[in-house]
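These protein sequences, in sequence, are chains A and B. One point on numbering: in this note's numbering, the residue at position 55 of the first sequence is 55, and numbering is uninterrupted. One point on numbering: in this note's numbering, the residue at position 94 of the second sequence is 94, and numbering is uninterrupted.
Just so you know, these hints were derived from the structure itself, not from any lab. All values derive from a computational prediction rather than experimental measurement. Do not rely on the hints blindly, as some may be mistaken.
Derived CB-CB ranges, DEER-like [what the hints assert, rightly or not]: (1) Gly-103(A) <-> Leu-179(B): 16 to 26 Å; (2) Pro-124(B) <-> Ala-308(A): 32 to 42 Å; (3) Val-181(B) <-> Glu-139(A): 19 to 29 Å; (4) Leu-134(B) <-> Ala-168(A): 47 to 57 Å; (5) Leu-179(B) <-> Gly-108(A): 29 to 39 Å; (6) Ala-274(A) <-> Pro-124(B): 55 to 65 Å; (7) Gly-94(A) <-> Leu-339(B): 34 to 44 Å; (8) Ala-178(A) <-> Ser-329(B): 38 to 48 Å; (9) Trp-205(B) <-> Gly-117(A): 38 to 48 Å; (10) Lys-88(A) <-> Leu-179(B): 19 to 29 Å; (11) Ser-30(B) <-> Ala-168(A): 45 to 55 Å; (12) Ser-129(A) <-> Gly-178(B): 26 to 36 Å; (13) Ser-30(B) <-> Ala-162(A): 54 to 64 Å.
The C-beta atom is built at its ideal place from N, Cα and C for all residues, glycine as well.
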Amino acid sequence: MDGKGTGRVGRARHRGRRAVLLACALLLAGPAAARTVTDARGRTVEIADTGRVVAIGGAVTEILYALGLADRIIAVDTTSLYPASALKDKPNVGYMRAISPEGVLALGPTLVVAAEGSGPPDAIKVLGSASVPFLVIPEAHDAEGVVARIRLIAEAMDVRPAGESLAAAVADDFAALAALRARITTPRTATFVLSAQGAAPVVGGSGSGADAILQLAGIRNAMSALKGYKPAVDEAMLAAEPEAIIVMRNGAGGLSDEALLALPAFAGTPAARAGRVIGIDGAYALGFGPRTPQAARDLAAALYPELALPALPPRPWAQGAGGGG
Amino acid sequence: MTRSATAGLAVCLTLLALAVLASLAIGPISIPPARVWEILWHAASGGMAQGRALREAVVVLDIRLPRTVLGLLVGAGTAAAGAVMQGVFRNPLADPGLVGVSSGAALAAVMWIVLGAPLAALLPTFVEGFGLPLAAFLGGLGTTALLHAIATRDGRTSIATLLFAGLAIGALAGAATGLMVFISSDQQLRDFTFWSFGSLSGATWARVLSCLPFMLGLFLLCGMLGRALDALALGEAEAFHVGIDVERSKRFAIAGVAAGVGAAVAVAGVVGFVGLVVPHLLRLAIGPGNRVLLPASALLGGALLLAADVAARTLASPAELPLGVVTASVGAPFFLWLLLRRRAALFG
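Using the sequences and the accompanying hints, generate a full structural model.
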């Protein structure tokens with residue numbers, strides 16, 4: 001039973017027996033008041049109670065927090081790194097790609113919201129067929145995708161007005177980002193290196209989240225000839241002549257910037273000559289939640305320092321967001 | 001040396017030369033073979049390239065040349081080590097993994113990837129890139145030393161004990177590797193997965209030089225062990241009676257294989273099937289005499305690995321196929337064919 005329902009009962013008692021009866025009728029008719037939303041899998045999910053939510057995926061948690069619904073989250077997954085309080089205050093159900101259905105259901109949720117790509121597939125199947133509504137939020141790699149994610153979560157949580165204002169603000173931020181991008185006259189090229197330890201460096205090709213954030217930041221992906229995240233041949237990476245190497249902040253497979261630039265694949269590139277390695281925060285830049293415009297702006301500012309690109313207007317959901325340092 | 005042996009060696013040498021040329025001339029960036037030759041000639045006579053020629057020169061001299069030399073060493077070492085193992089174990093299915101090198105190296109590698117970050121931070125920058133290879137090398141060597149100690153009593157090494165203890169240690173190392181995989185992050189898991197399929201990417205002269213002494217040691221050992229392995233093929237007692245120091249030969253063989261394969265795994269990850277398939281193929285073609293088989297295995301192993309690497313970096317270019325995927329997809333069907341033939345011989 002959710003908080004709103006009991007409140008309705010409480011008020012009704014003061015208005016006499018007819019109202020009490022009406023309230024009871026409303027409560028009994030609870031399931032009829034449930035909303036149905038269509039999720040990323042194209043399934044209709046019927047949601048009656050949004051009081052106890054398990055959030056799986058960093059962007060899901062970020063959006064719920066940005067909608068002011070933090071107190072309805074009963075657990076998050078380990079990719080919910082922002083805001084930092086999420087993992088500190090809430091129990092966690094493990095890594096989003098290694099979810100245990102029992103672990104999630106044991107918490108007694110009334111709704112499970114998971115980002116597309118959560119797994120393993122069997123666990124998702126079990127959760128999808130459990131009696132608890134299970135909503136999958138679609139993959140997003142651009143402004144429309146992020147806004148659609150916000151709208152879907154807001155609709156599922158029955159907070160449409162808050163959702164619309166968040167969606168509008170984020171859309172504004174994306175528009176401001178596009179205006180900044182228009183100031184870039186000669187785009188630079190960069191290679192996103194996911195890891196470079198042990199074997200051929202794994203880089204972000206077209207269709208990857210890394211490619212999407214590069215596009216948003218007005219940077220040309222030097223390795224767009226690849227699809228997804230793939231190990232790349234050293235001489236092809238050299239020939240792509242990236243002007244910057246972009247790595248996750250926790251380092252490309254533990255290598256320092258110097259060691260990375262000394263690899264044969266990068267040693268002769270303009271990036272190595274300029275010593276330009278840009279570290280990004282994975283959750284910030286590759287999460288595709290409400291902070292994405294800020295993340296793209298920070299990345300652009302790091303690669304185009306001479307343009308002195310201004311920061312986007314401050315937003316409560318993007319406070320102290322890790323920049324591209 | 002018989003005529004067929006000489007011919008066999010000549011064929012292997014020719015294949016190796018062709019593979020070296022292919023490895024230098026073929027890659028995602030197309031450089032005409034004549035240009036490649038010119039660049040090499042130019043570099044050998046101490047000239048410096050400029051402009052567009054400089055970029056081609058960088059590709060040939062700084063990327064393809066060290067990669068080719070590294071591939072040659074790794075392939076030759078792995079195949080020669082396989083031949084030595086098959087001789088010592090007197091079993092055509094033996095491969096260097098039997099003495100625990102690969103499983104130990106894999107465990108050390110995954111431990112370095114998952115837990116090594118604090119250690120890596122302590123290393124000076126110029127050796128940082130060597131953290132993983134060094135860990136893999138020591139892990140492989142340590143595991144073999146442990147196995148050897150288990151299988152040796154009163155100065156005698158029991159090959160049967162070595163085999164069974166090897167299975168147990170391999171399973172144990174596998175379990176520990178699994179545990180590391182379990183606690184690893186996505187990125188660490190990906191690093192380890194690609195490492196365990198092998199790659200010649202990241203080949204530098206420093207890497208070539210770091211594995212060169214171990215490979216030379218292994219090749220030297222192959223030159224010395226030929227007669228001993230031939231005698232061992234008849235049985236340990238028989239070998240002893242023809243004047244072979246059996247225990248010493250076994251000790252040398254195991255140490256040489258562990259160092260050579262350990263170094264190969266360290267610089268290129270685990271490349272499957274070369275050590276098993278190459279000596280086999282040659283035994284069919286030129287006979288079981290180890291004095292020819294060992295050098296021929298080294299030559300053909302180098303040729304096979306280089307050819308596989310050319311395929312790995314061109315088939316999916318600019319993406320790079322894991323090297324082990326190429327060697328195993330050629331090696332495994334061949335191995336099955338070999339088994340079927342043997343079955344026909346056994347039951348027929």
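Tell me, which hint numbers fail for this structure? 6
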